[in-house]
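J.: What follows is the residue order along each chain.
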Amino acid sequence: MTQMIAPQFDLERIRADFPILHQQVHGHPLAYLDSTASSQKPALVIDAMNDFYRRTNANVHRGVYQLSEQATEAMEQARAKIARFIGARSVREIIFTRNTTESINLVAHAWGRANLRPGDRILLTEMEHHSNLVPWQIVAQATGAELLFIPVDGTGRLALDGLDRLLTERTKLVALTHMSNVLGTINPVKVIAAAAKQVGALVLVDGAQSVPHFPVDVGELGIDFLAFSGHKMCGPTGVGVLWGRKPLLQAMPPFLGGGSMIRSVGLRSSSWNDLPHKFEAGTPAIAEAIGLGYAVDYLASVGMDAIHQAEQQLTQYAVERLQGIDGLTLYGPAVAERGGVLSFNLAGVHAHDVAAVLDQQGVAVRAGHHCCQPLMELLDAPATARASFYLYTTPAEIDQLVRGLEKCKAIFG
Amino acid sequence: MDDFYQQNILDHSRHPRNSGRLDHPSVSREEMNPLCGDKLHIDLQIDDGVVTAVGFTGRGCAISQAAASMLTEEIKGKSVAEVRALSKDDVLGLLGIPIGYTRLKCALLGLKAIKVGVYNLADEEFDDDELF
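Those sequence lines, one after another, are chains A and B.
For the first sequence, position 293 (counting from the first letter as 1) is numbered 293 according to our numbering, and the numbering increases by one without interruption.
For the second sequence, position 83 (counting from the first letter as 1) is numbered 83 according to our numbering, and the numbering increases by one without interruption.
No wet-lab data here; the hints were simulated from the structure.
In this text, all values refer to a predicted model and were calculated from it rather than measured experimentally.
Careful, some of the hints might be misleading.
[Unchecked claim] Sample of chain A residues facing chain B (criterion: CB under 8 Å; computed from the structure):
#, residue
1, N59
2, H61
3, R62
4, V64
5, E69
6, T72
7, E73
8, V91
9, I262
10, R263
11, S264
12, R268
13, S269
14, E337
[Claimed, not checked] Within a straight-line C-alpha distance of at most 25 Å, the following computed SDA-like cross-link-like pairs (lysine to any residue) qualify:
#, chain 1, residue 1, chain 2, residue 2
15, A, K246, B, L121
16, A, K246, B, L95
17, B, K39, A, K81
18, A, K246, A, D164
19, A, K81, B, L121
20, A, K246, B, N8
21, A, K81, B, L104
Each residue gets a CB set at the ideal place from its N, CA and C atoms; glycine is no exception.
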């Protein structure tokens, strides 16, 4: 199978960078096929964080002593690396948060509460993760704004033929996922963003699944906000990013109040610090931000185009193998329009049982509603099993998955 | 530390040049640094596109006050265009000592006040990204 992979993409060398992959689970080699939930981390990232705690740890943007200086500089270097990685025009447009969820909540609460009026519309899609749905429900309830949804068609793609009718002068924001965490569908964000601009709506993109897997350039997409998580892109948990266009961020009131985000504080009122600090109240996840900077270095060194290409080839192979299994239903669009996320069900076997049998074979997959209950209703599936891939996934692991599914059929058949 | 707090920096911070406020400034600007509470106020008088008088008051660390004081000397007699072109490196050059990341905000506070001031005078907004 290895000849399918682009020649400059050295899968064996990449796998050597990830210590966790080299272990046995239930007597089988681990096949980690749940990177959509959380990716594994290269030694480079783990070492950078350990090194920070062993040699550099101190609070940032406060002390003038050497450790604090070094910690601050390391964290700000990480911010600059992330800005370059997504094509941000200014490092100050990079806000460190806990994760994608918090990034979206920041926009929903800071921008939404200040700008949405009764009758205003927020346009979402039917394939949103709960993290890009529930915050808007909360803000809609508080402001009187309405939620509308771009429907999902039978192939798992957005039905865009009615977009003109969904986008009106009352639409203030379009918030959508770049890539579905259930179906793997890669949405035409650039086209939708251009249509949104026609009616003056802002565009927020949930990049949790796109930023880790293919090149994302905020300027080229023509969007206003991008949210993503560190732990899905070879970085640690506990750190995420909100990118926003500077004039928007500058005009927004703060989200969380506290230390670091202030310019001056009186007993009854305060004024706000410059970007990005205005949105970073309290001590941030310093080691994690630094770790994420190294994760970005790592991904850039492999090359996002190369990663995308390798995943496309692997997904093509996996789709062909899974379609060869009798009684297996595979959800989502054709490989050309999807990333390395495959949701499926085996006839007569609940997804949890599929996942449990696979675990016994050393194969780690997710089973459940994937934080997308409305989409699962649409698919008419209470749950699916989901195998997802990353740069370190091998064709041999796909084969191991297929063997596990055959075993599953034998047990329940 | 001896070479950090050089004589000229101590001198400027103890005896800031162009100290005080102007009676009829063309533009005034106050800036503060929330990190350590540095605060300064700069008045500029501009005649025929040239900075003819500067007024400076402030309190804060030696680096912030000395850098601002040095700048007030530097800009007097300069054209507005020249003042607009002043950069982070110009201030670091005036100070002549290595400035770490967290102290950079102290060192550049005066420059920020001056630049925001001359940009505002032209009804433009100063993008302080270049000071980061």
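J.: Which of the listed hints are not met by the structure?
T.: 1, 12, 13, 14, 16, 17, 18, 19 and 20
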